[in-house]
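Trainee: Spelled out, the chains give:
There are 2 protein chains.
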Amino acid sequence: MNDKMLGVLGGMGPLASAHFMVRLTQLTPAARDQDHVPAVLWSDPRVPDRTVADPTGEADPLPWLLRGIDGLESAGCGAIAIPCNTAHRWYEAMRAHARVPVLHIVDAAAAELRGMRTGSARIGVMATQAALGMRLYQDRLGALGWDCLVPSQDEMDRLVSPAIALVKLNRMADAYAPVIQVVQSLAARGATSVVLGCTEIPLAIQAGPAPDLPIVDTVDTLARAAIAWARAG
Amino acid sequence: MNDKMLGVLGGMGPLASAHFMVRLTQLTPAARDQDHVPAVLWSDPRVPDRTVADPTGEADPLPWLLRGIDGLESAGCGAIAIPCNTAHRWYEAMRAHARVPVLHIVDAAAAELRGMRTGSARIGVMATQAALGMRLYQDRLGALGWDCLVPSQDEMDRLVSPAIALVKLNRMADAYAPVIQVVQSLAARGATSVVLGCTEIPLAIQAGPAPDLPIVDTVDTLARAAIAWARAG
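Protein sequences appear in the order of chains B and P.
If you use our numbering, the first sequence closes out at 457, no skipped numbers anywhere.
If you use our numbering, the second sequence closes out at 457, no skipped numbers anywhere.
Please note that a few of the clues may not be correct.
Any copy, or any two copies together, can satisfy a pair, since identical chains are not distinguished.
To be verified - As a list, the in silico SDA-like pairs of lysine to any residue whose alpha-carbon atoms are at most 25 Å apart: (1) K228 with E282; (2) K228 with L327; (3) K228 with P253; (4) K228 with S298.
Worth flagging that the hints you see were computed from the coordinates, not collected in a lab.
For reference, chain B alone in the conformation it holds in the complex (with noise of 0.2 Å):
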């Protein structure tokens, strides 16, 4: 009865994940209910901050990383999707743990810009700055050949990390200008597309006018890599 349910180890935060799991739905073309995707999702907000530098002991999110693994497993997943991309900092931990397949968020997003074909490497990438500190994107989609601009840092002092924090906490309208002025500064840079590569800033860019540029959403790309492993029979 449980073969090849999607796990979701969310929480990170709870409103990024459960955005997600609508997303996830809203991508999978289905006529009726038993066409969609087999789920469960891991919604433990109790992960401590993963933008700490050097967490340990009680503050390690780590254990909580790995228990909501085992949990996802215990409870019949046949793969793991994991919507923040800071966790993704304990990416090789993760697998090494799980018996199943993680999918990696970047691997996600870098398959959605080959399909994009914007005719540039130059690409912009929006994130926690810890997601930028330990280059989760620059590193990975450099070595496929992208070349990433990154806000400078009194872009994320002022407008980005601000901004992350208002949709932490559900104020979405207030969220979206200030992402919206880095889209178009990194465009002004030279970016021909702009990934946002956390998973709350999806939600502060659909507060008001789409951007004109592209924009590779990795809450979208995590869900059609996951509905692409569930369809794969």
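Starting from the known structure of chain B, fit chain P onto it as the hints suggest.
Mentor: Frame of chain B; chain P shown alone:
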């Protein structure tokens, strides 16, 4: 680590239960991720149609519902919420099977109605044909003193049932007009508030201007009951 996780038996439909997770998050007073309710969503859309009369064998949803309850209990959940009104047809069997409390979606709606003090016991109820046929709301709310008005058979056939089907196809905007027409018809017959006793109907109502009488959204009321359970510590 998994004290007091909420179990959510969902997938019926998958969009309604994903939306329940969104509302669970938005209705929780929280200043940071860690203040939110830890939860596991079992979203198995393969559960056979809940609206079939006298289902047996492979068409019987009950084994699937009990499998989900077992899965949620294995994951460490301490209570179960089911954001599908029609699935409450099997409430007694699920409650008898579960080792943890199972919240009842009609009791959550009754708590909200009590708090509204509309000054009248006459309320409208919109639900699936199956939920109305089994008198899910009429009997349980009737026993608590409410007089439930339900749509006519013609309104069910022409408006309510097609609107629910449209939501399941992600066509919220098209589902709005038929749903609001039935709300107005119930109001014209004397209802002082309307209970949306199908978790798909709130998704249709939100696609347009709010109706001008109080609405009891059973997605939100069940989410509030779940938050109260989690907070009761």
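Trainee: For K228 and S298, with the copy left unspecified, which applies at a CA distance of at most 25 Å: within, between, both, or neither?
Mentor: This pair counts as both: shortest intra-copy Cα distance 13 Å, inter-copy 18 Å.
Trainee: Under a CA distance limit of 25 Å, which applies to K228 and P253: within one copy, between copies, both, or neither?
Mentor: within (17 Å within a copy, 35 Å between copies)
Trainee: At most 25 Å between alpha carbons: which applies to K228 and L327, within, between, both or neither?
Mentor: Within. Shortest intra-copy distance 14 Å satisfies the 25 Å Cα cut-off; inter-copy 28 Å does not.
Trainee: Is it within, between, both, or neither for K228 and E282, if the alpha carbons may be no more than 25 Å apart?
Mentor: between (33 Å within a copy, 19 Å between copies)
Figure legend: structure checked against the earlier numbered hints; every hint is met.
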